[in-house]
Amino acid sequence: MNLRRWQSESISRAFGLYCSGFRHFMCLATPGAGKTVMASVLAKRLFDAGMIDMVLCFSPAIVVAEDFRRELEDSTGRSLSGRIGAGGCSLTYQAMSSLDTSFWEILDSYRVFVIFDEIHHCAADQEGKSNSWGETIHRNIRGRALYSLALTGTPWRSDNIPIVLADYCKESGKVHCDYRYGLAEAIYDSVCREPRIIAVDNSKICVTDGPDSHCYSSFSELLSDSDCSYQDLLDNETLITEILRRAADRLERLRSKSPNAGGLIVATSVSHARKIAHLLRRELNVTAEIATYVDNNPLATIRNFRNSSNKWIISVGMISEGTNLPRLKVCCYLTRVKTELYFRQVLGRILRATEESGEKGYLFMPAEPTLVEYAQRVSEDIPESNILTFSSICSGSQRSYVSNPSHYDLDGTGCDNRSEVEISINSDDELVGSLTTSDSLATLAQSYEASINISGSFAQKLVEISNSDFGSRATLSPELLPHPLG
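All the letters of the sequence shown, read from the start, carry residue numbers 3 to 488 under our numbering.
Hints listed in this document are in silico derivations from the structure and should not be mistaken for laboratory results.
Any given hint could turn out to be false.
[What the hints assert, rightly or not] Straight-line distance between alpha carbons at most 30 Å, and here's what the computed DSS-like set of lysine-lysine pairs gives: (1) K362 with K259; (2) K313 with K362; (3) K206 with K340; (4) K362 with K340; (5) K313 with K259; (6) K340 with K131; (7) K340 with K313.
[Claimed, not checked] DEER-style ranges, computed between Cβ atoms: (8) R113 with T289: 47 to 53 Å; (9) V339 with D50: 19 to 25 Å; (10) T210 with R72: 26 to 32 Å; (11) T289 with T372: 42 to 48 Å; (12) L301 with E358: 33 to 39 Å.
Note that beta-carbon positions come from the ideal geometry of N, C-alpha and C, so glycine has one too.
Full structure from sequences and hints, please.
In structure tokens:
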């Protein structure tokens, strides 16, 4: 097997530390870098050296656990079925809670190598702060496995509970990793695609509630100065359609060179996913597959999509981290989840490089301030200067009225209490200039592009990660996408 440079380096370092008496190894590698292959080849090396009897692997989702099982079996030549005579098994973290005491006794009777994929999902410390997965690892595996490997592409949690088995630096409070492979290195090595993050905004949003009417110059202003919620935006058909149109245009361009290129839409609920699928059919005459946690067999849907050339798949809680769909090149981020952990995990789904050179992955999202902040931090992963350039092209005055729910039930569907939202643009709104990223949020809505046959006119900001001169530099610049495509 031809390994990538980082995979060979991390395997050699881990194997060397294990041979020197160390029992745990923590590897940080950017999403899409190939951690599954790295761990599987390391397992083979330990088997070949006669250092282990079996391997246990734990992952956060069934589809990831299945991918890991197949890769481990291909690399080691051993069955990972978990049956008598097998070389181990690959399970989800959820399955750990159903394992009784007798299962964990194999750690005392055999030399076991335990792999923890996306270890940041598991939290525990010596003072008893933990989640259920971290507590199980802390109670049953810590100190009993002969060797263990923790993998992560996002080594932090949205709460303050430490990641289980992790060592933290006292000075910085960051996780100590035995091997690091960042996004800048992965782009330079053509291991990952260059990410381009497009935040879509609107310049004139008028919210009418009875006799009162208020206008806002950006989504940021709307969300901070009105009762409109982010969920209201995510359910707005005008905004959804505009993001879908831009993403679909980009996917068509990519498919002209890569006919197999696919797109992922991350929805906020099952009803939301169905609504998006309806809008795709109605507005763009495009169909999409849907994979959600309530479906009878979402894994089959994902596998079928992986092996097809279909354009779009819509996911609710099924395709985030670890899912191996290299043909995904475009993503629409339309979920209510606004943690940096999840944002980066979703972004990682479109960054897995294939054999093509100069590949890019495109993520489209509403210009919600928190998400824009996350996008800027992604750009900071590439060192040196970050510059935001604005330019303006206006299409003339356009106006449309849409109904926007002001209250939602638990699954995200609208209730009867609704406000009327007007989206419009003036032809004299223009700005050309350059600002540093610290100024970007306040002026995001002042960058425009021409729009044809859509309701309203939207602004977009492109966060472009470039590896030119590598030096590694990140540039923030607008990208003008004509409609229709030329």
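task: Go through the numbered hints given earlier and state which of them the structure violates, listing their numbers in rising order.
output: 9, 10, 11 and 12
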